[in-house]
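Protein chains: 2
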Amino acid sequence: MEREFPATSSSPTALFFLFAACLLLSLPGPHVVADGHLRLLAPSKPDPSDAAATARWLVAQNSWGVVRHAVSFSDGLPGEGYGIPYFYLTTLDPTAVDALADERASFTVTDIPLGSCGETDPQSPTCAKLTLTGKLKLVDGNSTEGKFALAALFAKHAQMKDWPKKHKFQIFKLDIRHVFLIDWFGGAKTPTVEQYLNPAVNKLS
Amino acid sequence: MEREFPATSSSPTALFFLFAACLLLSLPGPHVVADGHLRLLAPSKPDPSDAAATARWLVAQNSWGVVRHAVSFSDGLPGEGYGIPYFYLTTLDPTAVDALADERASFTVTDIPLGSCGETDPQSPTCAKLTLTGKLKLVDGNSTEGKFALAALFAKHAQMKDWPKKHKFQIFKLDIRHVFLIDWFGGAKTPTVEQYLNPAVNKLS
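These protein sequences, in sequence, are chains A and B.
According to the numbering used here, the residues represented by the first sequence are 17 to 221, in order.
According to the numbering used here, the residues represented by the second sequence are 17 to 221, in order.
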């Protein structure tokens, strides 16, 4: 049996409610495509008391970050991130050149472009900021990890599939050595890499 | 003499146009508060052929960038930026600590959080990315430059006025030594610091 909907009406009252609904829909919410890029409905931001989970959320939700220059990245299939940022870089850009010359790197993401800071100043401690420090390493595209990384990158960055073959893009990953998070008042948090990579285990222990 | 406006009407037709106008207003545009922060109506993004103007536009329009960590900044009063990023930092956060230990720094902004990349991948060359490299220097708050910097910072970051006095925020500036911009296909652009600081002169010459 089909569900019955109220009869449509073009009365001024109905149009007023349509207008009000339209206004409400235009307000920002957690699903808003804040920077114009497609983003899945985000699970809500973890509680600030759980630093490892907040750090993982920032990496899972963002699609780009800064390794001295702004770059796209992915840590897994949507909703199935593993916390390790993978990159698709060409030596025509400086990030790959820098990494091949000196693999030491830091990688920064924040929840500002996700829209979850609201009107709070970007530098406020309650706008979460994560910097992962480590080594930017080349990943063999034919390895199991390389295949996973490429699937992860293409799942979140469909346009990468069409990037020019002649630019010889290669997969890199950040081998994380240090986790630095500001997500609340009271100073930075530095969960261990193990806690960052296993936030659920961390929470249970 | 007061200007006459058309008589208001609550007819269904008028409400339909109100609804249509509301829909149009909810579409993204250069004035959209893409990341939830107040932003003045932006002059449109300069033509990619004018690298210095594009770089200045990115610095004038953004309210935060990455100096290894994400920080707020300002280059002047809204619409009157001079291109030099000023910061309001406390040694409770690492950016100031790092700067006082080693003033070498790079500062990255992009047009991704401004919403002007649309659905283009963040790493696409047409999403503009600017990295200014230089030295992060303390600015005397009592100097003319210090007073200008504080006015510039407070104009774009009103909440800074209420940040805790006991945190001893200090003004820093990036003394720019190198400008690196990607804003189109065909490789990076490196306008000189003089061209960056005087984009109009550069354009005329």
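Since the hints were derived computationally from the structure, they do not count as laboratory data.
Remember, it's a predicted structure, so these values are computed and weren't measured experimentally.
Mixed in with the good hints, there may be bad ones.
No distinction is drawn between identical chains; accordingly, a pair holds when it is met within one copy or between any pair of copies.
Derived DMTMM-like pairs: lysine to aspartate or glutamate, alpha-carbon spacing no greater than 20 angstroms straight-line [unchecked claim]: (1) LYS151 x GLU119; (2) LYS189 x GLU210; (3) LYS177 x ASP118; (4) LYS61 x ASP109; (5) LYS205 x ASP114.
Here's how the hints hold up against the structure:
Proximity of LYS151 and GLU119 under a CA criterion of 20 angstroms is satisfied intra-copy only: 5 angstroms inside one chain copy versus 22 angstroms between copies. Only within a single protomer do LYS189 and GLU210 lie at most 20 angstroms apart by alpha-carbon distance; the minimum there is 17 angstroms, versus 37 angstroms between protomers. When the C-alpha separation of LYS177 and ASP118 is checked against a cutoff of 20 angstroms, the pair qualifies neither within a copy, at 28 angstroms, nor between copies, at 40 angstroms. Taking the closest pair of Cα atoms, LYS61 and ASP109 never come within 20 angstroms of each other, the shortest separation being 33 angstroms inside a single copy and 23 angstroms across copies.
Proximity of LYS205 and ASP114 under a CA criterion of 20 angstroms is satisfied inter-copy only: 17 angstroms between copies versus 28 angstroms inside one chain copy.
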